[in-house]
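Asks: Each chain, written out:
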Amino acid sequence: MKSLFTFFSALLIAVPALAQEVAPDVLVKTVTNEVLEIVRKDKEIQSGNTKKAIDLVEVKVLPHFNFTRMTQLAVARDWRQASAAQQKILTDEFHVLLVRTYAKALTEYKNQTIDFKPFVLKAGETDVRVRTEIKQAGAGKNIELDYYLEKSGAAWKVYDIEVGGISIVTNYRDSFASEVRNNGLDGLIKSLQTKNKSGEATSVKK
Amino acid sequence: MVARSSQQVSEKRMKTALPARIKSVTVVMVAVGLLAGCATSGNPKDPIEGFNRAMFAFNEGLDSMIIKPVATGYDAVLPVPIRIGVTNFFSNIEDLFIGVNNLLQGKVPEAFSDLGRVAINITVGLLGVIDWASDAGLEKHEEDFGQTFGRWGVGNGAYVVIPVFGPRTARDTVGLVLDVAADPVANHKPVRTRDVALVLRVVNDRADLLPADKVVDEAALDKYSYMRDAYLQRRRNLIHDGNPPREIEADAEQADRPVTAEAETLDPRAEVVPVAPVLVAHTEPAEKK
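As given, the protein sequences belong to chains A and B, one line each in that order. Taking this note's numbering, the leading residue of the first sequence gets 15, the next gets one more, and so forth. Taking this note's numbering, the leading residue of the second sequence gets 4, the next gets one more, and so forth.
A portion of the hints provided could be inaccurate.
[As the list claims (entries may be wrong)] Cross-link-like lysine-lysine pairs, in silico, DSSO-like; alpha carbons within 30 Å at most:
| no. | chain 1 | residue 1 | chain 2 | residue 2 |
| --- | --- | --- | --- | --- |
| 1 | A | Lys149 | A | Lys57 |
| 2 | A | Lys65 | A | Lys155 |
| 3 | A | Lys209 | A | Lys102 |
| 4 | A | Lys171 | B | Lys226 |
| 5 | A | Lys65 | B | Lys226 |
| 6 | B | Lys143 | A | Lys204 |
| 7 | B | Lys71 | A | Lys155 |
| 8 | A | Lys124 | B | Lys226 |
| 9 | A | Lys66 | B | Lys48 |
In short, the hints are calculated from the structure, not lab data.
With the rest of the complex left out, here is chain A:
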């Protein structure tokens, strides 16, 4: 009886510990391979079915993203002037925009392979860069693809992605800032909504 109790309590401790053990580089590698595996087999995504690609991204990739943090980084200084409601809408709209961009990139997939660079997690680190490289199967240069992850609670979450040194998050910073300067935070929200709606007509309904 006592040993059974010990066994179960050991299980209880072991399960969260296991969840915690997924290192950031392993996470990136697992998710990347999983997604590419699906895209390789899916002729519809390859021929440009953005709706399907979006579903794939939503299910497989998004749980590992911290969208609030991403939006905060893109909106930068204006973020703290936003009300909680505005922050929520901004995050939702930015989410849609990034997912659509990511999905679009997946539909352009043409047999590239991903090279995972060596990665060492130092003790106590909570903010890391995991480097990968897209190797072109056809013509064209290889592209560096870096993921920035932050440890929040037990899990690592991606808060920035750099493509060839260009952050897909902070690249919006200047245009967002000038939009806020000219039309306020609501103006920025409106232009994000307009952009997302324009895409819906051709590709998806969320």
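Since the structure of chain A is provided, determine the placement of chain B on it from the hints.
Replies: Below, chain B alone, put in the same frame as chain A:
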């Protein structure tokens, strides 16, 4: 006599008509651009935004009417191995120039690696058509004179969109002049082969970029500023060979910080914002990883 001279004049006019028209179009464009340039959105990195937007529109037009259709056809017609061969051929020529720039930046091991690449690819790789050097572990680099100046500590200067060539900064514009002057392809003789090679290179480079188009269209709220900021980030990254100092964290902390009385009186949006990026632009390139 009179008839003849008028004929001569009209002949002369015919001869100069085309260049003159191009010239006047350019003058008008520049004038419009400069006028519009007075009304900028106040981004300190982009003081001549009106002019740049006009040039950007011109380049986009040129691309969508001529370069992109040709590149699309080229991509559709040529088999992949030949496309790769063309890319490698120009890439090999470029490696020589990249090696020189690495040397100028004091990166001697990289420079030797670049020259090693040329040596391998020009011989075993059949004049550069096959990239054996990459397989042998000699990494391909990307360098130019603009980056060399950046490495030496020269700041970006103003962002400027150049007709045909596209986005540059003031520093990279000077770099571009040297890039062209030192370009083995542009200096090749006879001129006819050179011209064919230059056109082929433009078309091939553009074809390599075709997949990126749709993604940018999907991502950008305003394509002009999206491309501008992407260019500036990319250059910053290249100058630091992929390891630029992180800008993101400082800003994030600023965004995170609770509003204090001090921050309120300073009004960071009005005062700090226009200054900070300029400082970054001037101080960033010097330090080494």
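Asks: Hint by hint, say whether it matches the structure.
Replies: Going through the hints against the structure:
In summary, the hint linking Lys149 (chain A) to Lys57 (chain A) is supported, as the alpha carbons are separated by about 21 Å, within the 30 Å threshold. As the CA atoms of Lys65 (chain A) and Lys155 (chain A) are separated by approximately 28 Å, the hinted pair is consistent with the 30 Å bound. For the proposed pair Lys209 (chain A) and Lys102 (chain A), the alpha carbon gap of about 17 Å is at most 30 Å, so the pair holds. Restraint check for Lys171 (chain A) and Lys226 (chain B): satisfied, since their Cα atoms lie roughly 29 Å apart, inside the 30 Å limit.
Between the alpha carbons of Lys65 (chain A) and Lys226 (chain B) the distance comes to roughly 23 Å, so the proposed pair stays at or under 30 Å and holds. About 43 Å separates the Cα atoms of Lys143 (chain B) and Lys204 (chain A), which puts this hinted pair outside 30 Å; it is violated. Using a Cα cut-off of 30 Å, the hinted pair Lys71 (chain B) and Lys155 (chain A) holds, with the two alpha carbons roughly 18 Å apart. This hinted pair checks out: Lys124 (chain A) and Lys226 (chain B) have alpha carbons roughly 25 Å apart, not beyond 30 Å.
Among the hinted pairs, Lys66 (chain A) with Lys48 (chain B) is inconsistent with the structure: their alpha-carbon atoms are about 39 Å apart, more than 30 Å.
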